[in-house]
Amino acid sequence: MNMSRGESQLASRLSVFVLVFLALYAVFAFVAWRTLEAVRVKGPYYNEIMLGNELIADVLPPPQYIIESYLIALQLMDEKSSAEASRLIETGNQLRVTYEARQEYWKRVLDDSPMKDLMTATAARAALEFYRIRDDIYVPAIRTDDRSAARAALDQMRQRYDAHRYAIDDVVKMAQARNADYEKRANELINEQIRTLVLLAFGVVLVVVVMAWFARRAAQSLSARVHLVSDVAGRVAQGDLTTVIPPSDANDEAGRLLGAIGGMTQSLRGLVTRVKQASVELMSTATEFAATSRQQEATVQGFGASTNEIAAAVKQIAATSQELMATMEGLNAVSGQTADLAEAGQSGLSNLDSTMDRLAQAANAMSARLAAIREEAAEITGVVTTISKVADQTNLLSINAAIEAEKAGEQGLGFLVLAREIRRLADQTAVATLDIEQMVKQMQTAVSAGVMEIDRFAEEVRSGVGTVDRVGGQFGQIISQVKTLSERFDSVNHGMRSQSQGARQIGEAMGQLLDGARQTSVSLREFNSATEGLREAVTVLKTEIAKFKLGNE
Amino acid sequence: MMLALTFRAGDTPLAIDTRFVVEVLPRLSLQRAALAPEAVVGLLPFRQTLTPVVDLCWLVAGRSARNRLGTRIIVTRVEIGRRFVGLLAEDVSELVDSRETIMGLTNPEHPWLGEHLADQTEMPMMVHPSELLPDALRQLFEASPA
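Taken in sequence, the protein lines are chains A and B.
The first sequence begins at 151 in the working numbering and counts up by one.
The second sequence begins at 26 in the working numbering and counts up by one.
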């Protein structure tokens, strides 16, 4: 393998790591130095803060310096307005309260020093004296407008104020000296710290460089042995098992790795020898397997074909029997409908029967009525006959009377006329009776015809009733026969259904058998392909094993 | 005033002068004369004599007179051997005026048919009863003892 490349990889990674570390450290050191520089005394921030303090000190009247109280006292002296005077007095009181509060603060805050003594004892005493005179003498004098007393008090107050001012000036001088001292000390401290920081940085860089050198040496040693191991492993991978690892005296991890690789190579050599023998045996076994499975596959395929045929035949049987069953069911339904229709027809016929009976009764009644009419007509005929006989007699009498009257000559003339009138009346009567006779005859003819019709109708009705009865009986027979037919249909249907079910079951069984055969075939094919795969694998194995060089062959 | 009695023999409308008519009788049940010709219907007991009745329908139309109410016996005053002669005729029902007559045909074989009555719709022919009967019948009636 490429030795220099491995070395450069490891070394370059290491140096990159070191360089990155150094760069980060340099950045850290720079930032720390910049911070220290920024906050040091007389530095930019310090100067800004001090400038602010000075500004405040210049603007505000200092509470510890009683100049304002003194000035107010002077102003009060010349004040004429009593209201303004009261306001000035009140301001003076306020200033005293403020002074005393600040005095307490400074007593608490300051360390014991000559400056503190000067401020809280000397200056404070003069100030308190000043305030006492102002409150006890000066303000009452002003209130009573006693100018001479007030002026005297003001003199005393100025003496106290002067004493106070001298003391305060000393305090200011001492504070300035103290501040200068502190600034000097702070600068010295910061410079010392920066020096320490630089030294520390140099130390760290030195340690890192040394560590990098040691790491580089260890990596070089390790990579040399790793290259040896990888060379051996590469040769083993190429099938060269003849490599002998030189015994290593190093007892570190790399040495143990080399030993393990040597043991592994020897074991591999034994294993490959055994695998070579086994692969030859495996090859012959796989060939046998393939032959057997091919035979079995042929057998199963034949079995599958015959099973397919049987299944198809059984399916046809099942389909045919199902069709037959459907037909039978249809037939059954039709016969049921027929029975229903026949029953309906029978009931209709029974209705018809009763109707016919009523018709026959009506015909009989009508016939009886017509017979009565005929009798009455006969009676009318008798009466008419009598009337016509009377008319005839009258006619005859009138003729004879006329003949006799004529014989009588002139005396009979009136009688002749009478006879003629009588004859005319008789003739009219005869004509009328003739008409009546005709009418009665027509009536009788009509009645006779009606009677005949009714008789015939009644006869027809009677025969119709008979026919209806006969047809009803036939309907009954039809119904009973259709019913027995329906029962037979049911039994046939049942048989067909069980047959169809049996066929279906056979079909399902055949299907299962077929599936089994198909599965067997598929399994055999899979087995076949597996055997083929096995053979191919064994062949590959053999060629692969042939690549291994064994030293003892 | 002259009157004529109308009647029918078969389809032929006829009439007879009422001076020849003794009496008109209804068609009574007649004694059938034994061995008499078919034209002789029978003998009618009339005014203590047996009057022979001749069927005019038979003589004229060759058939018997129909049995109707109008079919009557006209007893005529013919006086053959002092007897009347009855004529059986149909539709004997009307007396008409016989003064207006019209000459018709003169049939030598039937001399009893005379002139037609003018003012009647059917214009019936007048019958001469004295010449009505054929000789055979006449002899038959004359020969019979009174």
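Treat the hints with care, as some may be off.
If you want the footprint, here are the derived chain A segments under chain B, 3+ residues with CB under 8 angstroms [to be verified]: (1) 283 to 291; (2) 631 to 639.
From chain A, some residues computed to sit far from chain B (all C-beta separations above 12 angstroms) [what the hints assert, rightly or not]: (3) A173; (4) N243; (5) E279; (6) S538; (7) I586; (8) G622.
Rather than coming from a laboratory, the hints here were simulated on the basis of the structure.
C-beta atoms are modelled at their ideal positions from N, C-alpha and C, and glycine is treated no differently.
Which earlier hints turn out false for this structure, listed by number in ascending order?
1, 2, 6
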